[in-house]
Amino acid sequence: MNPTDPALTICARGLSRSFGKHLAVKPLDLDVRRGEVVGLLGPNGAGKSTTMQMLTGNLAPGTGEIRICGIDLLESPKLAKARIGYLPETPPLYRELTVREYLELAARLHRVTKARLADAVSSAMAHCGLADVGRKLIGTLSKGYQQRVGIAQAIVHEPDVVILDEPTVGLDPNQILDIRRLIRELGNRQSVILSTHILPEVEAVCDRVQIMHHGEIVFSNTIAGLREFQSGRTMIVGLQHPPAPEALAAIPGVEQVEAEGEGRFRIRFAADCDPSAALVSAAGANNWGLQQLTPARSSLEDVFVHLTQDNPDKAGIPA
Amino acid sequence: MIFTIAIKELRALFASPLAWLVLTVIQVVLGYGFLRRLDDFLQIQPQLTQMASPPGFTELVAAPTFATAAAVLLFAVPLLAMRMIAEERRNQTLTLLMSAPVSMTEIVLGKFTGLMTFLLVIVLLVLAMPLMLASGTRLDFGLLAGLTLALLLLAAGFAAVGLYASSLTAQPMAAALLGFGMLLAMLFMGETAGDSLRARGWHLPAAFIQVFSPLKNFEPLGRGMIDSYAIVCALLLAVGFLLLTIRRLDGRRLRG
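Order-wise, the sequence lines are chains R and V.
For the first sequence, the positions run 137 to 455 when this note's numbering is used.
For the second sequence, the positions run 4 to 259 when this note's numbering is used.
Think of the hints as simulated: they come from the structure by calculation, not from any bench.
All values derive from a computational prediction rather than experimental measurement.
Take the hints with a grain of salt, since some may be wrong.
Unchecked claim - Below, a sample of chain R positions facing chain V; criterion: calculated Cβ distance under 7 Å: (1) THR199; (2) LYS217; (3) ALA218; (4) TYR222; (5) GLU232; (6) HIS246.
All C-beta atoms in this analysis are idealised placements derived from N, C-alpha and C, irrespective of residue type, glycine included.
Turn these sequences into a full structure, and let the hints guide you.
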């Protein structure tokens with residue numbers, strides 16, 4: 137992909153970062169286009185926050201370059217940062233300010249002109265459902281409202297790129313729905329990267345997903361791609377007289393066999409080779425007593441766990 | 004941008020009870036000292052009139068009050084500066100400034116300006132005490148101007164040191180102690196080191212070490228004497244520690 141493509145709002149190349157000897161983020165590329173919501177998914181400690189800190193100029197990358205709307209973040213940080221809105225893991229809130237005062241400060245810091253200041257703050261407050269609490273001190277607000285103030289802070293200057301680090305953490309289900317609606321709305325006009333380890337969130341709001349694990353992007357696809365990724369290539373086989381798993385593994389096309397007990401096996405097969413027919417005939421010939429043969433509709437959770445658990449066979453996963 | 008950050012800092016200062024407490028304590032201590040010296044001055048005034056060129060009110064009452072204010076600032080400034088960076092780091096609010104299109108220099112200068120504005124209030128309150136008596140006595144306005152400038156320069160140096168201390172740790176209290184310790188070390192070492200170096204004939208190191216002798220640089224202006232080298236040294240102290248603070252914050256972004 138061409139790094140100077142005008143539709144690209146974020147373009148990171150070879151981005152990496154280590155802390156001491158620990159390589160927190162291995163060199164990775166990341167592209168986000170305008171009007172796209174990208175979910176950065178991964179277990180805790182996968183390097184999501186570190187990546188986001190680098191993308192927002194809070195942490196200098198060890199290697200690599202970042203372009204925000206074509207502007208080099210490391211060479212002209214001020215120009216680039218003006219186009220980013222960032223909600224870190226802990227919202228950077230000044231408890232002693234009121235919501236309106238705080239958002240005015242955030243807008244001024246992001247160089248919103250005086251003439252547009254009041255409008256920008258009011259519109260951010262309306263978007264985030266803060267219209268009623270403008271005069272309240274941030275310190276007295278509930279966690280959910282504080283999180284909304286954090287998001288309002290990130291969008292008050294109408295940035296091209298909004299980066300949200302676990303935006304729905306600590307919110308109740310209704311608030312989560314509100315925030316997701318807001319993120320979806322943002323995604324229509326701007327680019328959004330959000331990190332999370334909640335899968336339904338990704339399903340609900342993201343166009344694309346990047347799964348990080350041990351500082352690497354181990355999976356990168358659209359949401360539909362993520363769903364298809366494994367469910368189409370796994371099936372459950374139930375046998376009355378189960379043979380040794382090796383016998384099943386010997387059937388052409390079968391990549392992996394997991395015994396689930398009571399004669400049930402989870403079988404993973406290669407992308408272009410469905411072993412169902414071979415399985416049925418093998419079961420008939422060997423009198424295994426075939427009871428069940430169903431495609432496993434594995435949930436996103438399964439995919440996620442599969443991608444991010446430390447078993448050696450994940451080496452073959454397409455990235 | 005510096006101005007925006009300065010106002011935010013000033014608001015934060017005035018939103019905390021600490022700032023008001025510091026203002027109160029300073030005013031009580033200095034007010035009490037001022038009144039005692041005024042009392043002493045009134046008692047010895049008859050004898051003074053017999054002298055050929057007697058020291059006036061400004062020299063005998065105002066100057067010592069400013070000297071006391073300098074000593075009080077030694078305690079007050081690290082306390083006022085301690086939260087500026089340390090607490091932002093602890094509460095992780097520094098991210099707001101760091102992700103905004105604002106340079107590290109602007110952040111540090113903004114914080115410094117905010118703190119200096121508060122210290123200016125303290126200095127003005129100190130200045131107000133002798134000024135109140137302007138109608139009753141003849142004031143030496145030149146000396147008063149010198150004293151005010153000297154106190155402001157001293158406060159600037161202290162503030163820069165306090166900010167640097169605040170950037171070294173995420174614990175405000177530790178930052179206050181650290182700042183206080185650094186200032187105290189400068190007073191103990193700085194005041195004598197220059198003399199002992201000069202006594203050995205090492206004039207260049209002696210001239211250099213004077214940067215770290217804030218009280219020594221306070222003195223000439225405090226006597227109404229414009230010693231440009233002392234003024235330059237006082238400014239260098241402030242600029243030096245502000246640069247260190249900027250470097251320190253930049254380093255945090257590099258090291259993480």
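Which earlier hints turn out false for this structure, listed by number in ascending order? 1
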